[in-house]
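Number of protein chains: 2
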Amino acid sequence: MKTIRRIKAVQKILECVRGNRRIAFVPTMGAFHEGHLSLMRKAKHRGDFVVVSLFVNPLQFSPGEDLDIYPRNLNSDKKKGEEMGVDILWIPSAKELFPSPYQTFIQVEKLSQRWEGESRPGHFKGVATIVSKLLQVVSPDYLYLGQKDYQQVRVIQKMVRDLHFKTTVRLVSTIRETDGLAMSSRNGRLSSADRKAAPILYRALQVARKMIRQGERKSQVILEATAALIRSEPRVRIDYMAFCDPETLEPIKHLEKRIVFLAAVKIGAVRLIDNIILKLPGQSQKQNKMH
Amino acid sequence: MKTIRRIKAVQKILECVRGNRRIAFVPTMGAFHEGHLSLMRKAKHRGDFVVVSLFVNPLQFSPGEDLDIYPRNLNSDKKKGEEMGVDILWIPSAKELFPSPYQTFIQVEKLSQRWEGESRPGHFKGVATIVSKLLQVVSPDYLYLGQKDYQQVRVIQKMVRDLHFKTTVRLVSTIRETDGLAMSSRNGRLSSADRKAAPILYRALQVARKMIRQGERKSQVILEATAALIRSEPRVRIDYMAFCDPETLEPIKHLEKRIVFLAAVKIGAVRLIDNIILKLPGQSQKQNKMH
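Chains A and B, in that order, give the protein sequences.
If you use my numbering, the first sequence corresponds to residues 1 to 291, in order.
If you use my numbering, the second sequence corresponds to residues 1001 to 1291, in order.
Incorrect hints may appear among the rest.
What the hints assert, rightly or not - Every beta carbon over 10 angstroms from chain A, so not counted as near; a handful from chain B, in silico:
| no. | residue |
| --- | --- |
| 1 | P1063 |
| 2 | V1172 |
| 3 | S1191 |
| 4 | A1227 |
To be verified - One side of the interface only, derived from the structure: several residues of chain B facing chain A at Cβ under 7 angstroms:
| no. | residue |
| --- | --- |
| 5 | T1104 |
| 6 | F1105 |
| 7 | V1108 |
| 8 | E1109 |
| 9 | K1133 |
| 10 | K1158 |
| 11 | H1164 |
| 12 | E1177 |
| 13 | L1181 |
| 14 | M1183 |
As the list claims (entries may be wrong) - The list that follows gives simulated cross-link-like pairs (lysine-lysine, DSS-like), each with its CA atoms no further than 27 angstroms apart:
| no. | chain 1 | residue 1 | chain 2 | residue 2 |
| --- | --- | --- | --- | --- |
| 15 | A | K44 | A | K148 |
| 16 | A | K80 | A | K12 |
| 17 | B | K1166 | A | K95 |
| 18 | B | K1257 | A | K110 |
| 19 | A | K95 | B | K1125 |
| 20 | A | K166 | B | K1166 |
| 21 | B | K1125 | A | K110 |
| 22 | A | K110 | A | K257 |
| 23 | A | K148 | A | K253 |
| 24 | B | K1095 | A | K110 |
| 25 | A | K95 | B | K1110 |
| 26 | B | K1166 | A | K12 |
| 27 | B | K1008 | A | K166 |
| 28 | A | K166 | B | K1002 |
| 29 | B | K1110 | A | K125 |
| 30 | A | K166 | B | K1012 |
| 31 | A | K125 | B | K1166 |
| 32 | B | K1095 | A | K166 |
| 33 | B | K1012 | B | K1078 |
| 34 | B | K1125 | A | K166 |
| 35 | A | K95 | A | K12 |
| 36 | A | K8 | A | K78 |
| 37 | B | K1148 | B | K1279 |
| 38 | B | K1110 | B | K1002 |
| 39 | B | K1012 | A | K12 |
| 40 | B | K1279 | A | K2 |
FYI, nobody ran anything at the bench for these hints, they're computed from the structure.
Here the structure is a predicted model, which is why all the values come from computation and not from measurement.
Backbone N, C-alpha and C define an ideal beta-carbon position, used for all residues, glycine too.
Excised from the complex, chain A in its bound form (with noise of 0.2 angstroms):
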């Protein structure tokens, strides 16, 4: 595995391996845990050669946000990547990535109001502004994401078809504690009363599985069960819970076909996101295959 800094140094060994091999590119934020794992050891089984990008992207967060004690593990990172069989692992200097003075933004307007970008203005600004330089710079056949964050995915995926990028989204599905939790470099920030309720996010999502596959398909049913049982938490407060066009992210009312449950909670200072896929009865078991 190369560490390597510049964008111009990243781009001379591209240059040699493309043609011969097929690119897949990771962006992360560091603080490597096994969803990050998950998605460069799918890179990597495929046979292609994998860029590991690095870089906590301050432009993603709002002023308040958790930016400052986001965590930071090079050398853990290091090693981990090194064991992934990362071929570049890319750690870009901010400078280099926002030439001052820095004037240029991207935005996936509809896509990024509702949920997340609701909660947090100018985040999906923020992430598409920097997904779409980091796929300047390294021009991947595919670009490989985590289906936790799947709103983002959404965004980068609209990004990436509006903006005419030649690569190929390839959606992985999330990797979970073993009490259900979603892997995220947030969760160590968690207390151990917290972490300990934490898992109740999951449970939530699985109680309107159950629902749904009973028959339910009122989407106000399911969200005052998921509600009732989030709120019998009384460490966890709901910031959002809801159905929606997996597509649009709009919500639905009356559920059918292939839909998103989107979930976001707060519990102390820690904000956790997840979500759940489901295909309802009836539908052909298609691939998840999205514009």
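Following the hints, complete the assembly by docking chain B onto the known chain A.
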């Protein structure tokens, strides 16, 4: 010259060209006049593979502007492109450039605010968005832009740099009618009396140049003289006139080093812009190098 509509067809040809020849790109909205032809000629003269795009971009017109009456002369444009030795004339479809529901937009924030940005809200958002799309498809080595739209050049150059496009912008001098009027697709909409009045804009720029040569350094003094000249022509209304830093486009009071004199006027229903770049005496005569 091949005339092509589909993105994939353009990319297929360019894949074979790339590596063998440099690719030069001239984005246009058609209705070719000598200004466009000079861009193509310069590109061709260097022996590069010349791609010209022709797309009247609705995004860069505000409601109530002249989108509907913007001149369209496809057959004549094809003939002229052929004569210039253009290799590909790319006429994209709106449907392919803006897959519905289109959501992704690019803004170069500070540079887009003043001057044209103030008079034409949303204009540079439309320009940056379309040019980023065209660049993503063509990936040219060189991007040819005309100096007449100086602020547009600066917005695009900043975007190219900020978003890490691997293209070099080549600025081509404004082509003028014999009476000094800058070539523009909009000149054809001037009535005969307005057409006679229009060169006052260029004459004002020449007055500024002369006053500077004679030692004047206070922008206010020159602006008063040029405004008085233009006001002497009752058919012409000033939109703005300003001496600016050629990089930031911020206005400057005391003239030194390199400056750009930007001007916009309205004559009847037609809005015309023009500019001159001035290197003040005492400065080394470096090439126009911009970042």
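How the hints compare with the structure:
1. P1063: B/P1063 clear of chain A: closest Cβ-Cβ about 17 angstroms, beyond 10 angstroms.
2. V1172: With a cut-off of 10 angstroms, B/V1172 remains clear of chain A, as the shortest Cβ separation is near 23 angstroms.
3. S1191: Correct as stated: the minimum Cβ-Cβ distance to chain A is 39 angstroms, above 10 angstroms.
4. A1227: holds, 30 angstroms
5. T1104: holds, 4 angstroms
6. F1105: holds, 5 angstroms
7. V1108: holds, 5 angstroms
8. E1109: holds, 5 angstroms
9. K1133: holds, 6 angstroms
10. K1158: Since chain A brings a Cβ to about 6 angstroms from B/K1158, closer than 7 angstroms, the hint holds.
11. H1164: holds, 4 angstroms
12. E1177: violated, 35 angstroms
13. L1181: violated, 32 angstroms
14. M1183: The hint is violated - B/M1183 has no Cβ within 7 angstroms of chain A, the shortest such distance being about 29 angstroms.
15. A/K44 / A/K148: holds, 20 angstroms
16. A/K80 / A/K12: holds, 24 angstroms
17. B/K1166 / A/K95: holds, 18 angstroms
18. B/K1257 / A/K110: Violated, because 45 angstroms separates the two Cα atoms, which is more than 27 angstroms.
19. A/K95 / B/K1125: holds, 25 angstroms
20. A/K166 / B/K1166: With a Cα-Cα distance of about 15 angstroms, the restraint between A/K166 and B/K1166 holds, given a limit of 27 angstroms.
21. B/K1125 / A/K110: holds, 16 angstroms
22. A/K110 / A/K257: holds, 22 angstroms
23. A/K148 / A/K253: holds, 23 angstroms
24. B/K1095 / A/K110: holds, 19 angstroms
25. A/K95 / B/K1110: Distance of about 19 angstroms is within 27 angstroms: holds.
26. B/K1166 / A/K12: holds, 13 angstroms
27. B/K1008 / A/K166: holds, 11 angstroms
28. A/K166 / B/K1002: holds, 23 angstroms
29. B/K1110 / A/K125: holds, 16 angstroms
30. A/K166 / B/K1012: holds, 13 angstroms
31. A/K125 / B/K1166: With a Cα-Cα distance of about 23 angstroms, the restraint between A/K125 and B/K1166 holds, given a limit of 27 angstroms.
32. B/K1095 / A/K166: Since the Cα atoms of B/K1095 and A/K166 sit roughly 18 angstroms apart, the hinted pair holds (cutoff 27 angstroms).
33. B/K1012 / B/K1078: Roughly 21 angstroms between the alpha carbons, so the hint for B/K1012 and B/K1078 holds.
34. B/K1125 / A/K166: The hint holds at about 23 angstroms.
35. A/K95 / A/K12: holds, 20 angstroms
36. A/K8 / A/K78: holds, 21 angstroms
37. B/K1148 / B/K1279: holds, 17 angstroms
38. B/K1110 / B/K1002: Distance ~39 angstroms between B/K1110 and B/K1002 Cα, so the pair is violated.
39. B/K1012 / A/K12: OK: B/K1012 and A/K12 at ~23 angstroms, within 27 angstroms.
40. B/K1279 / A/K2: violated, 46 angstroms
Comparing the model with each earlier hint shows violations of hints 12, 13, 14, 18, 38 and 40; every other hint is respected.
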